[in-house]
Amino acid sequence: MIIDFNLIIQHLPFLLQGILVTLQIAAFGCCIGLLLGTVLALFQTSNNSFLRILVNSYVVIIRGTPMLIQVFSAYFLLPQIGIHIPALWTAILAIGLNSAAYISQIIRSGILSINTGQIEAAKVLGFSTTDTIRYIILPQALRTTLPSLGNEFVTLIKDSSLASLIGVNELTKQANFIKSKTFDAITVYFAVAILYLIMTSTISFLVSRLEKRMNNYAQD
Amino acid sequence: MLKINNIKKSYNKKKILNNISLTVNEGEIALFLGSSGVGKSTLLRILNNLETIDNGTFYLDGKLLDLNQVNKTHTVGMVFQHFNLFDHLTVEQNIMLPLEKILKKSAPDAHKITEQLLTRYGLLDKKNKYALQLSGGQKQRLAIARTLAMEPKIICLDEPTSALDPVLTSFVANNIQQLATDGYIVLVATHDTDLIKKLNCTIYLMREGSIIETAQSQALQNNPEQFPYIKSFIAGHE
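Chains A and B, in that order, give the protein sequences. Position 124 (the first sequence) corresponds to 124 in my numbering; numbering is contiguous. Position 129 (the second sequence) corresponds to 129 in my numbering; numbering is contiguous.
One or more hints might be untrue.
Derived lysine-lysine pairs resembling BS3-like cross-links, with alpha carbons at most 27 angstroms apart [to be verified]:
{"no.": "1", "chain 1": "B", "residue 1": "K72", "chain 2": "A", "residue 2": "K179"}
{"no.": "2", "chain 1": "A", "residue 1": "K123", "chain 2": "B", "residue 2": "K231"}
{"no.": "3", "chain 1": "B", "residue 1": "K129", "chain 2": "A", "residue 2": "K123"}
{"no.": "4", "chain 1": "A", "residue 1": "K123", "chain 2": "B", "residue 2": "K63"}
{"no.": "5", "chain 1": "B", "residue 1": "K72", "chain 2": "B", "residue 2": "K101"}
{"no.": "6", "chain 1": "A", "residue 1": "K179", "chain 2": "B", "residue 2": "K129"}
{"no.": "7", "chain 1": "B", "residue 1": "K129", "chain 2": "A", "residue 2": "K212"}
{"no.": "8", "chain 1": "A", "residue 1": "K123", "chain 2": "B", "residue 2": "K105"}
{"no.": "9", "chain 1": "A", "residue 1": "K212", "chain 2": "B", "residue 2": "K126"}
{"no.": "10", "chain 1": "A", "residue 1": "K123", "chain 2": "B", "residue 2": "K153"}
{"no.": "11", "chain 1": "B", "residue 1": "K197", "chain 2": "A", "residue 2": "K123"}
{"no.": "12", "chain 1": "A", "residue 1": "K123", "chain 2": "B", "residue 2": "K72"}
{"no.": "13", "chain 1": "B", "residue 1": "K15", "chain 2": "A", "residue 2": "K123"}
{"no.": "14", "chain 1": "A", "residue 1": "K123", "chain 2": "B", "residue 2": "K101"}
{"no.": "15", "chain 1": "B", "residue 1": "K198", "chain 2": "A", "residue 2": "K123"}
{"no.": "16", "chain 1": "B", "residue 1": "K72", "chain 2": "B", "residue 2": "K13"}
Treat the hints as calculated values from the structure; they're not laboratory data.
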């Protein structure tokens, strides 16, 4: 048999330690991405041309360069400018900043999909711009973009494996340790692929449940 | 009393409103009649601070109306052609949200006002439905209720029958007439000639941004010959 299940069971606790770090990177990266992405989307849909140009440039740079380069840049650049943080947080920061660019585009499309009539109605009722964003625009933009945001969170989990390249002991790095020790690359990477699949499928399932719950207003 | 003085508005050198002047008292309905693009909706949108004005003034009870402040002071309310309800909120929340967040009413007060308005407009049993789940007529009643919640003095209705089934025109007319009976200043923009037959109002026929003929609905019914342009518009010969 190509896959050695005994080897997987034997190293499962070690792999689970890696999963915890992977989930940590994904969760914090997701928070940074969602918060910063929302702010960037609001800037990009604002009337301020300076903010729009700023966000457009950020999105072009982040989307136009490999994520691996971004992770390495953060890892080598931050100490040069006097910021000394653990590799784990460097990875979280790099992945979060990368994700923010993609999430900003998702939320921007959600904001633009909202009927301008509702924004006019809010204005006539006396809502300020901030209140309109808070109570009318964002709740609907987040609902309509939930499937795309779910995809982005799945991508985030998979991208967290890049943290292994700057020495963070997440799932892929742990797998590499086991592979070096056992020389059974097929078994190790099979196990890791299954574990990633379980994590991403769980996220997809949870997002689809949330989507169903939040979109009940659209059903007759 | 709302006094509208010499309102002018142009888009790209095209005159949309040309010296519109009229007076509407509390309890009266001013109905702007005309084809699409004659400027009737633009007048209502200007009054609601949704469009800028080139020239002219509005006076309410003798005081100059600052159009930049009308939304903050809730002086004017608007029932939109497509209602523009908040789709992500329930019927109840559509009214409660502005009451709580804008008028700063306490939750029990906001709830009480909302229940009263929903009862009045026959929507109480729909309070937990989402706005998207309502029929056209129900949406319009909710839009009127939401407008009334802000206690405006002037209520504008933009094409109130165009998004509804024609059989609902009488119900809509009753609702509009009731607003006037309750003492609001009511402005209606419409091209629906059925609606004018069911309202007790002053009709302002508009063409190319100007009012070309004015008639009391009662006088029009008694003697249509006296109002050739409106008669022609109703006959579909404009």
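Tested hints:
Between B:K72 and A:K179 the CA atoms are separated by roughly 67 angstroms; this puts the pair beyond 27 angstroms, and the hint is violated. Distance check on the hinted pair: A:K123 and B:K231 sit about 37 angstroms apart at the alpha-carbon level, beyond 27 angstroms; violated. With a CA separation close to 24 angstroms, the supplied pair B:K129 and A:K123 stays within the 27 angstroms bound. Pair hint A:K123 plus B:K63 holds up; C-alpha atoms about 23 angstroms apart against a cutoff of 27 angstroms.
A hinted pair counts as satisfied when its Cα atoms are at most 27 angstroms apart, and B:K72 with B:K101 qualifies at roughly 12 angstroms. Taken as a hint, the A:K179 and B:K129 pair is broken in the structure, with Cα atoms around 57 angstroms apart against an allowance of 27 angstroms. Of the pairs offered as hints, the one joining B:K129 and A:K212 holds, with about 16 angstroms between alpha carbons and a cut-off of 27 angstroms not exceeded. Taking the CA atoms of A:K123 and B:K105, the gap is near 18 angstroms; set against the 27 angstroms cutoff, the hint holds.
Distance restraint check for A:K212 and B:K126: the Cα-Cα separation of roughly 21 angstroms lies within the 27 angstroms cut-off, and the hinted pair is therefore satisfied. Taken as a hint, the A:K123 and B:K153 pair is honoured in the structure, with Cα atoms around 17 angstroms apart against an allowance of 27 angstroms. Using a Cα cut-off of 27 angstroms, the hinted pair B:K197 and A:K123 is violated, with the two alpha carbons roughly 33 angstroms apart. With a CA separation close to 9 angstroms, the supplied pair A:K123 and B:K72 stays within the 27 angstroms bound.
Taking the CA atoms of B:K15 and A:K123, the gap is about 26 angstroms. The hint holds against a cut of 27 angstroms. With a C-alpha separation of about 13 angstroms, the suggested pair A:K123 and B:K101 falls inside the 27 angstroms cut-off, and the hint holds. About 31 angstroms separates the Cα atoms of B:K198 and A:K123, which puts this hinted pair outside 27 angstroms; it is violated. Of the supplied pair hints, the one linking B:K72 and B:K13 is violated, its CA atoms being roughly 31 angstroms apart against a limit of 27 angstroms.
Of the numbered hints listed earlier, those contradicted by the structure are 1, 2, 6, 11, 15 and 16.
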